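These protein sequence lines map, in sequence, to chains A and B. Under my numbering, think of the first position of the first sequence as 28, with each following residue one higher. Under my numbering, think of the first position of the second sequence as 171, with each following residue one higher.
Please keep in mind that the hints were generated in silico from the structure rather than gathered at the bench. These figures come from a predicted structure and were not determined experimentally. Careful, some of the hints might be misleading.
With a straight-line cut-off of 20 Å between C-alpha atoms, the simulated DMTMM-like cross-links for lysine to aspartate or glutamate are [as the list claims (entries may be wrong)]:
1. A:K63 with B:D253
2. B:K394 with A:D31
3. A:K118 with B:D253
The chain contents come next:
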Amino acid sequence: MALDKPYSNIPGTTIFDADQSRRGYWLNQFAMSLMKAENRERFKANERAYLDEWKMSEDQKQAVLARDYNRMIALGGNIYFLAKIFATDGKSFQYAAALMTGMSQEDYVKMMLSGGRSPESNSGGRSPENNSGGRSPDGSVTGEKSNG
Amino acid sequence: MARITAGVATSHVPAIGAALDLGKTQEAYWAPLFKGYEFSKQWMAANTPDVVFLVYNDHATAFSLDFIPTFAIGCAEEFQPADEGWGPRPVPVVKGHPELAAHIAQSVIQSDFDLTIVNRMDVDHGLTVPLSLMFGQPQEWPCKVIPFAVNVVQYPPPSGMRCYQLGKAIRRAIDSFDAGLNVQIWGTGGMSHQLQGPRAGLINKEFDNRFLDRIVNEPDELAKVPHIDYVREAGSEGIELVMWLIMRGALDAKVRQVHRFYHVPASNTAVGHLILENS
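Next comes chain A alone, as it looks inside the complex (with noise of 0.2 Å):
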C-alpha cells in the first residue's frame, strides 16, 4: 500500500521525504563533498569535470551548473545540502532563497522585513495570491516536482 503523503499538495513545497532523498543521494553527496576547501577548489576549476566524478543523472548535473535550486530539489535535492553549493558560489540562504521564488533579493528581503510572505493559501487546490509581488507560490513548479 502506498504511504500516505498528506504534505504532497502544499503550494510551492517539496517535501524531503525517502523517495526524494533515494532521487537525490549523489547528488546531495555531490553537494556535501563542497564543505572540503580542496574540493571547493576543484569544482571552481572546472564543475563540469567535479560532477562526472558522480553518479549523478545528467538532469541533476544541468540543475547544478545552471543553479537552478527548485530543479535541484525536484531531482531529490535538499536544501541543507544544496546549501553547500551556494556557499561555494559566496551566497547566502537569503540569495537562494530569493532566487527560488523568483523574486529579486532586493523585493525579498523587503518582504522580509515586512513580514514575510503570508501563510494564507496554505490548503493546496487552489491558486493562492502572491501578498508581495514576486513570483507566485502556487504550483507553477508542480511540473517539477517529479513525485507529485
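Based on the hints, put chain B in the right spot on chain A.
Structure of chain B alone, referenced to chain A:
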C-alpha cells in the same frame, strides 16, 4: 544528584552567527534581535549551569545521507565547530560531559528510546548559534555541553509526542545521576520558516505565538499536533519546532516563564525565544 533547573528555547538561524562573528550586532537590521537576548545573557550570567543538554539538528554537516539517526547523543570529550562551506565559526571548542552523556544514553535506551551514540562529531550553527546568543563571545564556553541531534532534515522527523515523551525520559535519566550537577536543557530551531521552493519566506506569526503560549501552559496538548500542521502552517523548515518539545518534556509540568521574545525576521526566519525555570 543532578537536577534540571531551567529550559531555554531559541531559534538557531545561521545568519545570526554570521552577524555576531562579523560584528554587525549594532546594525539597524540586527540590533532589535540582539536586544531580545540582552536579558538572557544577564540571566545566564546569574544562572550558569554546569552542563547544557542542547537539543538541535544537524544541517547536513556531521551527518550526510549515509547515516540519518533520528536521535543522536554526543558522548565525546569535545566537539569542533564545523566548516559548513565557508570555514568554521570563530567560536570556542565545545566541551562535552562524557560521563553524564553515557549515563543518559544508557538510561534513555532502557526507557525504550533507541538513541544513536556518537563519539566523534563536528557541531554546526544549530548548536553554536544558541551558545553565542546566550553566552556572547567568550574565550571558552562557561559550561559543558551535551549535543543531542534530532533528524529534522529528512522527512519524517520524530513526532511531537515522541519528542515530548523523550524529554520526560531524559529528565528521569538526569535526575538519577549521582553527581550534584546543575543542568539546563535547551530546545532549538524554528520558528516558522521555509527555505526552499517558491513558498520560501513563509512566516506565520499567529502560529508561532500560539506555539509559544501552548508550550508553556499546555504542552500535553501541543505535543499532539501532527507533522502536517507544522509543515503547512509554519513552513517546511518550521517543523524544527518539534525539538522544543524535548526540552519541555524534561521540565516540570508547571514552569515559570522568565523571558519571552519574538522577532521577525532574521534572514528567512521568525525568531522565538523562551526561558523557563523549574519551580
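Hint by hint, here is what the structure shows:
| no. | hint | result |
| --- | --- | --- |
| 1 | A:K63 with B:D253 | holds (8 Å) |
| 2 | B:K394 with A:D31 | holds (19 Å) |
| 3 | A:K118 with B:D253 | holds (15 Å) |
Checked against the numbered hints listed earlier, the structure breaks none of them; every hint is satisfied.
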